[in-house]
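Protein chains in written order, with our numbering: chain U, 1362 to 1803; chain W, 884 to 1047; chain F, 12 to 172; chain B, 4 to 423.
Just so you know, these hints were derived from the structure itself, not from any lab. You may find that some hints are simply not true.
With a cut-off of at most 16 Å between alpha-carbon atoms, the simulated EDC-like pairs for lysine to aspartate or glutamate come out as follows [unchecked claim]:
#: 1; chain 1: W; residue 1: Lys990; chain 2: F; residue 2: Asp90
#: 2; chain 1: W; residue 1: Lys909; chain 2: B; residue 2: Asp423
#: 3; chain 1: B; residue 1: Lys188; chain 2: B; residue 2: Asp64
#: 4; chain 1: B; residue 1: Lys402; chain 2: W; residue 2: Asp936
#: 5; chain 1: W; residue 1: Lys909; chain 2: B; residue 2: Asp21
#: 6; chain 1: W; residue 1: Lys981; chain 2: B; residue 2: Glu208
#: 7; chain 1: U; residue 1: Lys1457; chain 2: U; residue 2: Asp1739
#: 8; chain 1: U; residue 1: Lys1369; chain 2: U; residue 2: Asp1739
#: 9; chain 1: W; residue 1: Lys981; chain 2: B; residue 2: Asp21
#: 10; chain 1: B; residue 1: Lys191; chain 2: B; residue 2: Glu224
#: 11; chain 1: F; residue 1: Lys147; chain 2: W; residue 2: Asp886
#: 12; chain 1: F; residue 1: Lys147; chain 2: W; residue 2: Glu987
From the derived model, a few chain F residues whose C-beta atoms are all more than 12 Å from chain W [to be verified]:
#: 13; residue: Ser16
#: 14; residue: Gln18
#: 15; residue: Ala24
#: 16; residue: Ala34
#: 17; residue: Arg50
Every residue, glycine too, gets a C-beta built ideally from N, C-alpha and C.
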Amino acid sequence: MAESAILKDGLGFQQAAEKYPAFPRTVLRKLDTALRGVLISPAALDRARQEGAVYEPAPEEGAPPGKPSLRGAFFSDATLFRDIEVDEQAFARRIKQGSPYTLDLVEGKTWLVDGGVPVEQAFFSPLPSYYGKRTQRGTLLEKVVGAGPANCLNLNILSYCNSWKEHLPCKYCDYPPSFRSKGSFTKEGWLTQEGLDDIAEAVAMALQEVGHFTCMRIQSGSDPHGERPFENEVAQYVRVLETLQGVFGTPKVPARLVASAFPKDQSARVAKAGASGYEPHLEVWDPQAFEWVCPAKARYFGRDYWIQSAVDAVESFGRGNVCTQFVAGAELAGPHGLPTPEAALESTLEGAEYFAQRGVVPVSIVLWVGRGSIFFRDKQTAPPLEYYVRLAQGFRDIRRRHCLASDINDYRSCAVHPEADLGRLDAHRAVNGKPGEVPCPH
Amino acid sequence: MADFPKEFLELVSDPDSVKMVATTDKHGAPHVVVKGSLRVEGQHLAFGEVIEDSDSGHYLVRSIWFNRPVAVNVTKGDKSWQVKGRTYKCLIAGPLLKDFLLRERAKRGPDADLNAVWLIEPAEIRDESLEVRRQSLEARRPLFGRHLDRASIMAEARQLAAKA
Amino acid sequence: MPPLSNQASALLADPATLKVVVAADGAGGARAELRPSLRLQEDGTLAYAEPFEASEANSLMLALHWAGKAAEILLSAPDGRAWRITAAPRRYLYTGPLFQSFYREARAEQGPNSQVGGVWVLEALKEEDAGYEARKRLEDEARPFYRYLDRSDVTPKGARA
Amino acid sequence: MSEGDLDHIEQLEAKYPDVPRFVLLKLALRYRGVRLLAPATLAISDADYNYGPVQVFRYHDEEALKKAHPGPLLFRDGTTGLVAFEDREVFEDPYVIDHEGGKFLLYSDASKARLVDEVDFTPRPAYYGKRTSSGKPMESIATARAQRMIICAYRHCHFWDTGEQCKYCAFFTDLNETRQVSEKKFPKDVEAEDIYETVREILKEPGRVSEIYMTAGADYEGEPAFEAEVDRYINILQAIGRNFKGRFSSQLMAPAYSKAQYKKLYERTGLTTVCPNIEVWDERLFKWICPGKERFVGRAKWIQNTVDAVEVFGKGNVYTQVIGGVELAKPHGFKTEDEALASNFEACEFYSKHGVVFVSVVFGPARSSVFHDQKRPSLEYFVRLIRGLRQIREKHGLKADNDDYKHCGNHADADLERVD
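The whole structure should be built from the sequences, with the hints applied where relevant.
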């Protein structure tokens, strides 16, 4: 194994905090909770219930009772951390590092606790008021449109992912093949007209709660088939976008697509259909690791194709409104991954710079090794905390240098990208929208 | 630098507008004072500093000594202008000091004092009225931090707004 | 810190009071903004609505929060009363009941296209009378001979212009 | 690079980031001198600026009196620059001041290669050009810096009579001969009534003066020594006092009187501060440089009287000053700047502990003085001196209010107190 100071040091939170004093404590906790996980105590869970922050899934025939869940919680600066599990069994769904944090009541207030020491006060994010309501057809609204972190409405528009069908899933992916909202999809997995009607109704009802949502995220499994690459998938997005145009009454819909890599004319087509942002995620920059981690993307239609798709889309969506995501840590997964975190940093930051120069916003997430994924089966683990600190700083510096902020994927509308949290201090300097725009002076 | 925009001149000469000067101490901690006497004086903004041993007096000296920026904000209702500049001069004698002192005495009586008159050289003058800021920000970044229930986004909200 | 003084509370409660929040800009300067929504909460903290998430003022306040530093609040009434509060930003929120109350308030005052980025909650650390009379009295007491000699309390009326 | 030029200033700026450029320039202009170019000379002959030569401490012949002459220089931050012009000292490569586009511009040297900054001059006091009821030009009775009115009560120093004048001093000479100008050319006595009227006149200009400062040549007549001088000051201060309701911001620079004499001064007049200058702290050098003060008072008594004065005027209201640089005068002065600094800091510690405000000025080898051919120490010496004095005073909770940038303008260490 090549020499790696990051692996050798294996810095914990306190050591990382001392080594990187300018790195905000709350964002460092966000990274550390993502790596170690958080178990909520019964007392804190009750408090969360009182504050309307716990989602109790309605029982479904023939399905095991769902567990209560939370949509993360905030630190005092509104940095969000997720990975809060209600019990050991739920906690075991993912491979974690070290010992988990607990979320507990301390003197009547909710605190994140590390080894018995309260370290950061935490605040729950209440569920939106539309949860529990139903469409005219009787579909639970949250089955149609899930409320992600506080400001984002999430919409799944395909009940399948072709990669799983062809047994070539991305190796970190633990999405179950079938999506929620039964009855809204055809045999082929495409939205039915009822499904579309449910979407229109659910979004309109969700937005009756003022001051809650600032954007939508529409995602789906990948479907490369059709006359043109990903023709079927594009067609579904267009159908949904046209439905949403009716809801908003405007040509442009405040939604971004987390979708496959469309050819230039196809990304232009969904932009024309109203999408405001587009995210064809490359996931891994290193060519060899890309092939190994994302075999279906390699097959349909290769790394260069996925890179060029994002770059070409900037023309239609505007600088800063196209993002590509890196699953940070996946590029290290054995046996074909990069040898050391240092090598991984160099490679992934090279990719981030490449995209930023072309107006595509690079974003990263912490590798999530969840049951159901191949990495879980192979017992892969995420690299140490220090790798993520240096990666987040690197991404933030690249975005700062290129005056890029991810309007569609910021700390509030996605809340899983640490560089977006760091980027809050640069928010007023970014130039997004049409190329060549001067920074917003306000 | 300064050729002051017309709207700014109107706002700053309006006796009911609020004029504020923001500085920092040696640790960078912020400080603000309301300066009713602030006015345009040729190419500069001028205001009186009443108290010698005041925080803002010390911080203004620090700004002219060590080239630290000073911000002036002129606001009335939702009209607001932000000026970023540097301290150009501290007057402790001369006609301008005399004029500001006499105005201070006309306002507060014959025992009024006035430590100095400060001149600010504007580097940036921006209209930061609420609506101007909103449009400028949202023109450049239409997708950032805008709640979807706003009239400019949500059809239904717009219909409600039309009825209201 | 003990609860704010009556003078500060009265000024905060008075809609005619100018409520100014100023944050350091990290480059040696500072930026002042009027925040009419600033109010005293039951728990003794101060809170105000930040209209724009991506504004420089918001970034500056976050930078203070991350650095554990304080901002400054100036309350200035038309009748000359003025009060200065040193306050540390303790929390920023863009969801939940407190945020919703500011959001509805802005909606009511500015119409259906109003916008609130988030709400800052601050803890008052220090307060002082910033009114002209108080400051002049302090200076006159501290430095009795630091004044123009033609002031009326030094020179009888006859000798002055 | 040469001592005090712009390159040197930039170097000192980098080395001492807590000392602003304005204060460095104040020292440098005092050090290298300033020359006015023709446009600047023309501009200061304008009524708003023309002070004419200051007649309070020196004799000027008819010719000199006609010449336009600026008041103290003012930097943009309000710092005063008591620069020496070439009539008072000899300068090899002075800074120059030109006048362009309605502004006075300071250049690094005669080639005008580098613009240093925009400067200004203290506006001419409104009382200039007026006469007292006895017909005296008021500018011959008192001059004024930005906020300080300067009065000379007696225009002859009797230490000169026996050749025991302070060796740096050129008061009451004509800057040609090393002697006091004759009574006929330059009358010694100044009438109290003329002073009263001149003070009353300055008060008519709003915000023009914040302090009345008075000094004179030493007159040791009377028993005990200086009694006549003290009575003269009391008489004048009482006349001045008729302009005021009570005590007024004022400073008397005079020898270190006895406690009884100070009490008399304090109780019978509106005087608020006194300034018995020690000029140089080292005992051996005091005897050499200030022989008159040594003979008529003696260093130990001078120091004790100064400390005792605090009981009369209060902490922070007794000042004493050193002429920075004379302590290194040849042949008897200190051999190294470090030794000289140590001596001054020791003095500052001593005085500060006793509530006396210890300040410094920059020595200038004036024509007609014994030290006319002495060299100054390095400019950096003065930078180190003023930083040290400010820090020691701050440690003892003392501020030089009555000698600060407004009430005096001659002490760079006091200028540093303008920021917290």
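Hints, verified against the model:
1. A threshold of 16 Å between alpha carbons decides the hint, and for lysine 990 of chain W with aspartate 90 of chain F the separation of about 13 Å falls inside it, so the pair holds.
2. About 8 Å separates the Cα atoms of lysine 909 of chain W and aspartate 423 of chain B, which keeps this hinted pair within 16 Å; it holds.
3. Of the supplied pair hints, the one linking lysine 188 of chain B and aspartate 64 of chain B holds, its CA atoms being roughly 9 Å apart against a limit of 16 Å.
4. At most 16 Å may separate the alpha-carbon atoms for a hinted pair to count; lysine 402 of chain B and aspartate 936 of chain W meet this at roughly 11 Å.
5. Note on lysine 909 of chain W and aspartate 21 of chain B: the hinted pairing holds, with a Cα-Cα distance of about 11 Å set against a maximum of 16 Å.
6. The suggested pairing of lysine 981 of chain W with glutamate 208 of chain B holds, with an alpha-carbon distance near 8 Å, which does not exceed 16 Å.
7. Between lysine 1457 of chain U and aspartate 1739 of chain U the CA atoms are separated by roughly 14 Å; this keeps the pair inside 16 Å, and the hint holds.
8. Restraint check for lysine 1369 of chain U and aspartate 1739 of chain U: not satisfied, since their Cα atoms lie roughly 23 Å apart, outside the 16 Å limit.
9. Proximity of lysine 981 of chain W to aspartate 21 of chain B is assessed by CA-CA distance (about 32 Å); at most 16 Å being required, the pair is judged violated.
10. Distance hint between lysine 191 of chain B and glutamate 224 of chain B is fulfilled; the C-alpha atoms sit about 14 Å from each other, no more than 16 Å.
11. Restraint check for lysine 147 of chain F and aspartate 886 of chain W: not satisfied, since their Cα atoms lie roughly 35 Å apart, outside the 16 Å limit.
12. Proposed proximity of lysine 147 of chain F and glutamate 987 of chain W is supported: the alpha carbons are some 13 Å apart, at most 16 Å.
13. With a least beta-carbon separation of about 19 Å from chain W, serine 16 of chain F lies farther than 12 Å from that chain, consistent with its non-interface assignment.
14. With 12 Å as the threshold on Cβ separation, the claim that glutamine 18 of chain F sits away from chain W holds: the shortest Cβ distance comes to roughly 16 Å.
15. Look at alanine 24 of chain F: its CB is around 19 Å from the nearest CB on chain W, clear of 12 Å, so calling it non-interface holds up.
16. With 12 Å as the threshold on Cβ separation, the claim that alanine 34 of chain F sits away from chain W is violated: the shortest Cβ distance comes to roughly 5 Å.
17. No beta-carbon of chain W is positioned within 12 Å of the beta-carbon of arginine 50 of chain F; the least distance is around 19 Å.
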